[in-house]
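Visitor: Starting from the known structure of chain P, fit chain H onto it as the hints suggest.
Read top to bottom, the protein sequences are chains P and H.
Heads up: the first sequence at position 114 corresponds to 114 in the numbering used here, and the numbers run straight through without jumps.
Heads up: the second sequence at position 100 corresponds to 100 in the numbering used here, and the numbers run straight through without jumps.
No wet-lab data here; the hints were simulated from the structure.
Just so it is clear, CB atoms sit at the ideal spot from N, CA and C, and this is done for glycine as well.
A portion of the hints provided could be inaccurate.
As the list claims (entries may be wrong) - Distance condition first, Cα-Cα at most 20 Å in a straight line; then the derived DMTMM-like pairs of lysine to aspartate or glutamate:
#1 H:18 to P:152
#2 H:114 to P:155
#3 H:19 to P:20
To be verified - Derived contacts from chain P toward chain H, CB cut-off under 7 Å, selection only:
#4 38
#5 39
#6 104
#7 153
#8 154
Now for the letters of each chain:
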Amino acid sequence: MIFVTVGTQLAFPRLLEEMDALALEIDEPIVAQCGPVRGVWNNITAKRDMPPDEFQRNFEQARIIVSHAGIGTILSAKNMGKPLIVLPRRHEFGEHRNDHQMATARYVQDLEGVYVAWTTAELRPLLERHDLQSASNDPGPSHTALVSRLRDFIDA
Amino acid sequence: MTYATCQRRGAIEADGMKKKRVLAIASGGGHWQQLMLMRAAFQHHDVFYLTTLPGLADQFAATPSALVPDCNRDEKIAILRAAVVIAWRLIRYRPHVVISTGALPGVMALALGKMIGARTIWVDSVANAEEMSMSGKLARRFADLWLSQWPDVAAETGAEYAGAVL
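Bound-form chain H, shown alone:
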């Protein structure tokens, strides 16, 4: 983790704005695809990526990165394993911001990230055109910025709509 230690000193960007540490986490598949479509929002900071599929981050040149075991609500042991990995990464990296597009590991990263003082962002998957995803509903109480990519879903749930990756 010498990289994170190095990041921790805080680099200064050319325009004088202090770089932040951003932890960006998404499960493999559509969630990850959408997170990658949002990179322009945070790639000028120091970013650490977490995802669930081996090789996926490298395929998108998303470095540094690490794996987190995938889990869903029915797998208590897997949830525990994922929580330990996420907590460990959060403690080592100490992000200023945690951003996720889903699914459950992302919710856990927001919840645990808040405990160490990070600001948190949830962007619900664009696939959820009718209602907020289960993960999105769970993420609500841990998200400082809680977005749906559909105006109707946002209006219904009280989420914010700011656009979509479509």
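Chain P with its partners taken away, still in its complex shape:
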């Protein structure tokens, strides 16, 4: 199962429409938390309001998580050890008030288990891969550097 989440605050029709179209081409069920938007998607199981326990269950059961480049989802994927594909929201499409998700995506693209689809066309090849790594809470270089700075300050 592929679990799609766009966060609770803003609509993200570009991602949902692409996933709805891909559902016809890939042989895997797609469940989506679709946020504050009225839309019709016929090929995926889309839910506007998803209680935390149901969200958690879908997250745990999914093979891959697909989402916007939101920090909450990235931290969740790390916590739950899931491969994550992010499609950053674009200001030019009215998907966010600025392009900060592009900056976030550039930052997280080096993390293990986090994959960036810069355009919707890049989603399908990523979804068809079966060698995606899982994200994890193992500290990367940036995390290690932060802890080291704090430790030096505290020990001093």
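Guide: Showing chain H alone in chain P's frame:
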């Protein structure tokens, strides 16, 4: 509070460095999650944890710990209640260092902690990729080490960037 009294005598670590008392405080949710991801920075010292959600500290085996009532800027009575609890814990524990990832109770702990001579650390939540959080802005004047987890936010505000829990 026999534990704190006991801690107060000061334990010596194996490598001879004197252990410090660290008060680590974060509201429940993302703030707490991030504080837990920074434990390697202070867990070799004596740590006392404060958070806002019952059961949360135990879930992370973060002991000893105590609860502090949650509050936000619009709740004057709740702020007062939280301030009393935080002040009490600070006076009993007398930390050398106070560290917080937010939110408002963390700012209060930094402010009150400074008054009793503690060194203070603010690490703004990684969720604030665009600008420093409201709490972070408030914390600035009470923080000896004032960090953002985003290089751009740090550059804009004059905070330090040292990395991120991502």
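Visitor: Each of the hints needs a verdict: does it hold here or not?
Guide: Evaluation of the provided hints:
Taken as a hint, the residue 18 of chain H and residue 152 of chain P pair is honoured in the structure, with Cα atoms around 14 Å apart against an allowance of 20 Å. Our distance criterion of 20 Å between C-alpha atoms is met by residue 114 of chain H and residue 155 of chain P, whose separation comes to about 17 Å. With a C-alpha separation of about 57 Å, the suggested pairing of residue 19 of chain H with residue 20 of chain P is violated against the 20 Å cut-off. The beta carbon of residue 38 of chain P comes no nearer than 27 Å to any beta carbon in chain H, farther than 7 Å, and the hint placing it at the interface is violated.
Using the Cβ-Cβ criterion of 7 Å, the hint placing residue 39 of chain P at the interface with chain H is not satisfied: the shortest such distance is roughly 27 Å. The interface hint given for residue 104 of chain P holds, since its Cβ lies 6 Å from the closest Cβ of chain H, which is under the 7 Å cut-off. Among the interface hints, the one on residue 153 of chain P holds; its C-beta lies about 5 Å from the nearest C-beta in chain H, closer than the 7 Å criterion. The interface hint given for residue 154 of chain P holds, since its Cβ lies 5 Å from the closest Cβ of chain H, which is under the 7 Å cut-off.
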